[in-house]
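All chains, please: the whole structure from these sequences, using the hints.
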Amino acid sequence: MEYTDTYEGQRVSDAKSWITKYVFCQDHKVIAIQYSCVAMFTGIVGVILSILMRLQLGYPDVFGITAAEYYQHTTMHGMIMVIYLLTALFLGGFGNYLIPLMLGARDMAFPFVNMLSVHFFTLSVIILMGSYIVPGGPTGAGWTLYPPQVLLPGTPGYDWGIIMMILSVAVFIIAFTMGGLNYVTTVLQSRTRGMTLMRMPLVIWCIFLATVIGLLAFPALLVAGVMLLLDRVVGSSFFMPDVFQAGQHVTNVFGTEYEGGSPLLFQHLFWFFGHPEVYIVALPAFGVISELISCHARKNIFGYRMMVWALVAITAVSFIVWAHHLFVAGMNPVLGFFFATTTLIIAIPTAIKVYNWVLTLWKGDIHMTVPMLYAVGFILTFLIGGLGGLFLGNVGTDIELSDTYFVVGHFHVVMGISPVLAMCGGIHHWYPKVTGKMMNDTLGKWHFWGTFAGAYLIYIPMHYLGLAGVLRRFYDIRGLNYIPESVSDLNVFMTLTAIVVGAIQFLFLINIIWSYFKGKKADSNPWRATTLEWQTQETPPGHGNWPDKLPVVYRWPYDYSVPGAESDFIPQNVPDQSLEEPTHD
Amino acid sequence: MLVTLIFLLFTIAVVAFHFYALEQGFWFPVLASNWALMDLTTKITLAVSAVVFIVISVFVCYCIFRFRRREGHSADHEPENSKENSKLEGWLTIFTTVGVIALLSPGLMVYRDFINPPADAIKAEVLGEQWTWSYRFPGNDGIYGRTNPKFFSLDNSFGLDPSDPASQDDVLVNTNTVHFPINQPVDIQLRSKDVLHDFYIPQFRAKIDMVPGQVTKLWFEPTLEGEYEIVCAEYCGIAHYNMRGVAIVNSVPDFQFWLDQQQTFGEFQQQAASSSGGVTDKDGELIARTKGCIACHSIDGKPGIGPSWKGIAGEDRVLVGGGSMIANDLYLKRSITNPNDEVVLGYAPMMPPYPLSEEELDAIVEYINSLGE
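Taken in sequence, the protein lines are chains F and G.
Under numbering that gives the first Met the number 0, the first residue of the first sequence carries the number 0, and numbering increases by one thereafter.
Under numbering that gives the first Met the number 0, the first residue of the second sequence carries the number 0, and numbering increases by one thereafter.
Hint data in this document are derived by calculation from the structure and do not stem from the laboratory.
As the structure is a computational prediction, the values presented were derived from the model and not from experiment.
Even glycine gets a Cβ: it sits at the ideal position worked out from N, Cα and C.
Watch out, some of these pointers could steer you wrong.
[Unchecked claim] Here are the simulated lysine-lysine pairs, DSS-like style, with alpha carbons at most 30 Å apart:
(1) F:Lys-15 / F:Lys-519
(2) F:Lys-20 / F:Lys-362
(3) F:Lys-362 / G:Lys-86
(4) F:Lys-362 / G:Lys-82
(5) F:Lys-517 / F:Lys-15
[Said to hold, decoys possible] Just a few of them, taken from the derived set where beta-carbon distance is under 8 Å, the chain G residues facing chain F:
(6) Val-2
(7) Phe-66
(8) Arg-67
(9) Gly-71
(10) Leu-102
(11) Pro-351
Written out as structure tokens, the structure is:
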């Protein structure tokens, strides 16, 4: 195992001009901020789209939103939030910032490629937004883009919008692959002396495994996208069967009929990516929570080893559960038994992680700081979302709940609420290191409680709408007698709440901006945390992170409240008094 | 402390909401089929989830209160691999695994039943298309006629192979309304003409996608007479939410009476061949329903994806891009065969062209005219 002494001489980019310092910068910290800003911008667009959708659902026909527009909003909202906000911010933002700092490295293994990745990401966002200016507008097929409807008249954006979407996603995947190779290499090769794998903070484990998942899963999406693009542009029939629409057999761009393709093939390819994707989002969120809970409760994470094994198990099993998205899709029925079993199996390591977070709080010394609030909020909301997954993963119960608002409620809680709480908690926690200022706690608390309350008020009732059989992707549910009248009142309530919660998100953005200029000055380690990023000499850290020698690691990252120690935390780079050389645990 | 109380309050609110929901009817629709076990499994899962949610939430609230930061109090330090930790982890894992198996078992049992229709089931087929439903029964021979997407045409809307003798007695139901006999299992095969759809009657619980190019299967046994709404449960384009049908559950004699009134494929073919048979003006409404026009065009003035037909005949229509046209018969026919040439202001050019026969166009236009001022 090579130690990073040999990397002491690593050339750190010596940026001088404005362009090389802020635009084409190779410093992982700048790239992380760029990723985060672009991702948050797309997130704002995503929130606006969700409000437009809720306006139609709460007040049908009042706001002049047409059915075509409504379906375009749902599609863009979904794709933006999952890929361009959550994946980009957790991996591109948190991953880029934390990996080198927490591992004691000067930068990523491939700084130039790292810089390229954020520019490709930005390009993918530009292409995506370009959907709004092509004839027909963005695709309105749902973020899942199922053929054959995605390529046929009757679905918005079936001609040009879908091309823009596929191109945007393909460019994103290129960006992700560049970043992914960087992260995997850096974690495996650039750890500082004494930083064994089992001394890495859990957030690094989580981001590392999420990246591994992504490198193996995104190719399935790329392939599906390329094949779909070929069906559209060169008239192939990968996914297009013989379609008889409005009185005639549908022809491709060359005038010949589509035939022989399998819509189910697309679904398998998409979900082979799509399910691991949710773990790409969830794992970094888990990691952030582990760091927040241990630091703010001054207690080592309960069962670190089990946490790592649970992560590895989740990573592996996440690849064999995908067809729980196809239980009623018309695949071979026998597959239902297998995928229901694997899906409920993955609940076990996930539950263990929840138990371990809670057991970390047990007998802790809990400082109810803003990051701790977000962490507790995460545990409670993730509990709800995870339990909802038990209904949907079990094929017998999924049949009646599939395509209802139960599904929509479930994925919004596990993908939207919990990871966003983790994200905001993480930003609040690491902001002093990134900027040298503390974020405002009052704004933080208002934002937390507003978001947390909103989550419960909107999504608990939404699950019940699903039990009542209210279907998703319905522009208008009026006229359906099996739905009780009171549902329309509930929809109004959910819309009004969503508007308030949407507005409250701006408190968080205001906090980020305000604190940069007016925030209380922070020292290098305001939370008194043990991990390496807090032990830098400069805050914010300069290029190369450690001005002279790289830190040496002597212990795991969770030496909080060690009996007999002088203070309630011992940083990783503090040697054991009785030993000179780092021990290898 | 205040924070603990607020978190506890939210936990209580969730439980309270459950009872409010029951009272307001945000709960399963009345069960009208044999799939009670599906509901039971869901309810068991809900009960288990409720217990887990309450226990862990309350425990978290307890922890953040009991172990809050205060003078003289510090955290425990649990060294890695302590005996107590491993034991606790072990028990928690076992406990969770048992819970998972307990939930999975009824679910898999239901599913095994779901994919095994009873031998004594009657057969029915559901055919979906943008944006309406049609149905087929295999007729007296009990055998479905062979179908192939190649055979789909305006005269053969079920895609039946005319050379297959088994097709002749297939009963074809060209409207969106179907009947089922009570207390008789129905083994349904499903096809789609164009895109993905999903046949779902909420009160019956079962659903399955319909995939063009494939045949999927579903079965249920209706247990309550009545009229039920059929909805599409897989996004299928802009009128997905309006792709609605009706399933009527009758007594066995009433069902048989209805079935006997329907036409067979053989009869349709004879009608098409004979010169006296033809499309009458009454058929305009039938064609509109069969072809799915009413998914986008209402007949009562209600706004939809497309303009309502009520009162438009002979009216001045303002078009996208300026100008206007009187909605005379020729205009109406053009709107069907070349819909995106003249789009009414306020609507999107989303309608696919329908190359109907001259008689069918006449019939629909006659029907629109009859919808008056």
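- Message: Does Lys-519 of chain F sit within 30 Å of Lys-15 of chain F, going by the straight-line distance between their CA atoms?
- Response: holds (29 Å)
- Item | Given pair status - Lys-86 of chain G, Lys-362 of chain F, alpha carbons within 30 Å | holds (18 Å)
- Message: Gly-71 of chain G was flagged as interface toward chain F. Is the shortest Cβ-Cβ separation under 8 Å?
- Response: At about 11 Å, which exceeds the 8 Å cut-off, the nearest Cβ of chain F leaves the hint on Gly-71 of chain G violated.
- Message: Please verify whether Lys-20 of chain F and Lys-362 of chain F have alpha carbons no more than 30 Å apart.
- Response: This hinted pair is violated, its Cα atoms lying about 46 Å apart.
- Message: With the threshold set at 30 Å, check whether the alpha-carbon distance from Lys-517 of chain F to Lys-15 of chain F stays at or below it.
- Response: holds (27 Å)
- Item | Agreement of hint Leu-102 of chain G with chain F interface, Cβ distance less than 8 Å | Hint holds; Leu-102 of chain G Cβ to chain F Cβ min 6 Å, cut 8 Å.
- Mind checking the CB of Phe-66 of chain G against every CB in chain F and telling me if the closest is under 8 Å? At 5 Å from the nearest chain F Cβ, Phe-66 of chain G passes the 8 Å test, so the hint holds.
- Query: Hey, Lys-362 of chain F versus Lys-82 of chain G, does the alpha-carbon distance stay inside 30 Å?
  - Reply: It holds: about 17 Å lies between the C-alpha atoms, which stays within 30 Å.
- Go through the hint on Pro-351 of chain G and say holds or violated, using the shortest Cβ distance to chain F against 8 Å. Holds - the Cβ of Pro-351 of chain G comes within 8 Å of chain F, reaching about 4 Å at its closest.
- Item | Per-residue hint verdict: Arg-67 of chain G, partner chain F, C-beta under 8 Å | Because about 5 Å separates Arg-67 of chain G from the closest Cβ in chain F, which is inside the 8 Å limit, the hint holds.
- Per-residue hint verdict: Val-2 of chain G, partner chain F, C-beta under 8 Å: With a minimum Cβ separation of about 6 Å from chain F (threshold 8 Å), the hint on Val-2 of chain G holds.
Violated hints for the displayed structure, listed by number in ascending order: 2 and 9.
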